[in-house]
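Go ahead and model the full structure; you've got the sequences and the hints to work with.
Here the protein sequences line up with chains A and B, keeping their order.
Numbered per this note's numbering, the first sequence spans residues 1 to 102.
Numbered per this note's numbering, the second sequence spans residues 1 to 395.
Source of the hints: derived by calculation from the structure; they are not laboratory data.
Check before you lean on any hint, since a few could be wrong.
What the hints assert, rightly or not - Among chain B residues calculated to face chain A with C-beta under 8 Å, some are:
1) 157
2) 161
3) 192
4) 221
5) 223
6) 242
7) 245
8) 392
Glycine included, C-beta positions come from ideal geometry on N, C-alpha and C.
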Amino acid sequence: MPAKRALIMHPYDNVATVVEEIRAGDEVAIPVVGTTLILRALEAIPFGFKIALQEIPKGDIIRKYGEIIGRAGTAIAKGALVHIHNLEGTRARGDLERRGEA
Amino acid sequence: MSFLGYVRSDGSVGTRNHVLVIPQGIISKSICDFVTGTKTILTVDHGSGRTASDRETIARILIGLGSNPNVASVIVHAASPGVGYPELHAERLGDGIAKSGKRVEVLDPAKEGGTYGAIVKGIQVARQMVYEASTLRREKVGDEHLCLGVKCGYSDTTSGIAGNPAVGYLYDKIVAAGGTALFGETTEIIGAEQVLAKRAATREVARAILDAVLVQETRAKATGLDIRTVNPVPSNIKGGISSLEEKSLGAIHKAGTAPIQGVLKYAERPTGKGLYFVDNWMGHLSIFAGYVAAGANMVLFQLGGGGVAGRTLLEGSPSVVAPFLWCTANPKTQAAAADSIDFYSGTVIEGSETPEEAGERLYRTVIDIASGTLSRSETLNYSEPIDMNLQEPRF
Numbered sequence: 001m002p003a004k005r006a007l008i009m010h011p012y013d014n015v016a017t018v019v020e021e022i023r024a025g026d027e028v029a030i031p032v033v034g035t036t037l038i039l040r041a042l043e044a045i046p047f048g049f050k051i052a053l054q055e056i057p058k059g060d061i062i063r064k065y066g067e068i069i070g071r072a073g074t075a076i077a078k079g080a081l082v083h084i085h086n087l088e089g090t091r092a093r094g095d096l097e098r099r100g101e102a
Numbered sequence: 001m002s003f004l005g006y007v008r009s010d011g012s013v014g015t016r017n018h019v020l021v022i023p024q025g026i027i028s029k030s031i032c033d034f035v036t037g038t039k040t041i042l043t044v045d046h047g048s049g050r051t052a053s054d055r056e057t058i059a060r061i062l063i064g065l066g067s068n069p070n071v072a073s074v075i076v077h078a079a080s081p082g083v084g085y086p087e088l089h090a091e092r093l094g095d096g097i098a099k100s101g102k103r104v105e106v107l108d109p110a111k112e113g114g115t116y117g118a119i120v121k122g123i124q125v126a127r128q129m130v131y132e133a134s135t136l137r138r139e140k141v142g143d144e145h146l147c148l149g150v151k152c153g154y155s156d157t158t159s160g161i162a163g164n165p166a167v168g169y170l171y172d173k174i175v176a177a178g179g180t181a182l183f184g185e186t187t188e189i190i191g192a193e194q195v196l197a198k199r200a201a202t203r204e205v206a207r208a209i210l211d212a213v214l215v216q217e218t219r220a221k222a223t224g225l226d227i228r229t230v231n232p233v234p235s236n237i238k239g240g241i242s243s244l245e246e247k248s249l250g251a252i253h254k255a256g257t258a259p260i261q262g263v264l265k266y267a268e269r270p271t272g273k274g275l276y277f278v279d280n281w282m283g284h285l286s287i288f289a290g291y292v293a294a295g296a297n298m299v300l301f302q303l304g305g306g307g308v309a310g311r312t313l314l315e316g317s318p319s320v321v322a323p324f325l326w327c328t329a330n331p332k333t334q335a336a337a338a339d340s341i342d343f344y345s346g347t348v349i350e351g352s353e354t355p356e357e358a359g360e361r362l363y364r365t366v367i368d369i370a371s372g373t374l375s376r377s378e379t380l381n382y383s384e385p386i387d388m389n390l391q392e393p394r395f
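In C-alpha cells:
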C-alpha cells in the first residue's frame, strides 16, 4: 500500500498535518526540503490532525509553522497523534495564572 | 489588472450600487419593502444606555456604511431610540456621510406628519435615488480601488495549510497593486503577535500590535479560565486545532506577507492604502459590518468547517452593502455546501494546485464579483442582525 500523506509547514517543526485518514500501522510520507521523511503511525490519526515526527519529552516545545504552538503535556512517542490530550497551550491561560503557574 | 466599478464623486469605487436607508426601524424597513434596489440594516442595539465611547462606535458604523463606495445615496431617519444622544443625531450622521459627496436625505417624522408621513416621504425619495443610481455605469478601474476585509471561521487545519494561504496570496496581490486589505481578530493573533510585529511598517505600529494583544490576553487571564474552554472553539478542536497559538499561527496566513501599515479600531477608516490590522473581535455578526464601515467594498469568510456537520446551506454574514464571499479548503465542507461556496482551495491539499495557483484563481473570482457577478450569498434574500462590537457595560 502506498504511504499516506502528511504536510510539514516548516523544517523546524516536530509535528506534521496528515491530509488523509490514517490508521494505526500506516506508513506516512512527509516531504521535507528535498527529501521525504517516512514514519509509521502508532494510532489512528484523522484528516487534518497532527502526527509527532520525533519523540517529544514531557514539557518540551511543540512547533508548527516554525513557531511554538504549545508544550507536551505528556511524553509523546514518534508517530503518535498530537492533540489536546497531550499538547498544552501556554498563552492566555487564566487557570495557570490563578494557580500561580504562569 | 482591473475590474468594472462605480466611480464615486470622491474618487472611491464601488463594486455595488445600493441606496441605503438607516438606522434600522420600521421606517427603514417599510421604505425598503416598497422600493427595489434599497438596503437597510438590522442591529440589536440602538445606543440607548450606552456610554459615549460605544455610541461613537455605533456612529462610526452608521456613517461608515453610508459612506462606503458601494453606496450611491443614503436616507437617514430620525426615529431611532438612539438619536437623542448627540453622537447619534440623524443630522450628524447625515453630515458625516455627506462628506463622501453622496446625496443624503434626512427624514424627521416630527416634520413629516409622524411615522406614516416619514414612510411616505421616504418612499418618494428612495424611488428617485434608485432611479438616479440606475443611470450610473460601471467603468474599468485599477485594483488599487479594491478594499478587502477577511475573517476565518470554523477553522480547522485545512484553514492554516491551504485556505488562509490562498487568501494571503490574494492579499499580497491587492496590496502590491496599491489596494487596501484589512484583517483582525485580536484573540486569534495571540501566539502569533511577534511574527506580525516584525512585519510592522514602523516601530509605533509594532508597539500597537503588541499592545492590542497584551490588553486582550490580560482580559482573558482575568477570567481565571483555561482559554482552551473558550477559544479554540469546539469546532476548531474537532477540526484538529489543539491550542490558541496553533489557531493564531494558521490564522495570520490570511493576511499575506505585506508590511502592516497601522492598527485600526473597529469600523475605523484607514488613512492610507496597504495592509492594516483591525483590533476587533472574531464574531461574524460583528466583524464584517466593521470592515464595510471602514470602507471595504468586498469581504471574505475563509471557512474551515471540519467540525460543522450537516450544514449544506451557508447564508452569509451581515455585510450590508458589500458582497460577501465564502471560501473553503475543506473537501467535506465543499461537498456539503457546494452551491453556497464561491471559492474552493482544497486542491492545494489534494496536490492538484499550488497555493499560488489557488490564490490566482481566488483573485480572478474576486475580480469577477467586484465587476458585478453575484457572490453566492447575494442570491439569498436573508440577513442576520449586526451585533456591533461594543466594549462597555450598559446602564
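Evaluation of the provided hints:
Taken as an interface hint, residue 157 of chain B checks out: its beta carbon lies about 4 Å from the nearest beta carbon of chain A, inside 8 Å. Nearest Cβ of chain A to the Cβ of residue 161 of chain B: about 6 Å, under the 8 Å cut. The hint holds. Given hint, residue 192 of chain B at the interface with chain A, holds; its Cβ is 7 Å from that chain's nearest Cβ, closer than 8 Å. Annotation: residue 221 of chain B was flagged as interfacial toward chain A, and the flag holds, the nearest CB pair being 4 Å apart, inside 8 Å.
Because the beta carbon of residue 223 of chain B sits about 5 Å from the nearest beta carbon in chain A, less than 8 Å, this interface hint is met. Among the interface hints, the one on residue 242 of chain B holds; its C-beta lies about 4 Å from the nearest C-beta in chain A, closer than the 8 Å criterion. Using the Cβ-Cβ criterion of 8 Å, the hint placing residue 245 of chain B at the interface with chain A is satisfied: the shortest such distance is roughly 5 Å. A cut of 8 Å between beta carbons decides the hint on residue 392 of chain B: the least distance to chain A is about 21 Å, and the hint is violated.
Of the numbered hints stated above, the single one contradicted by the structure is hint 8.
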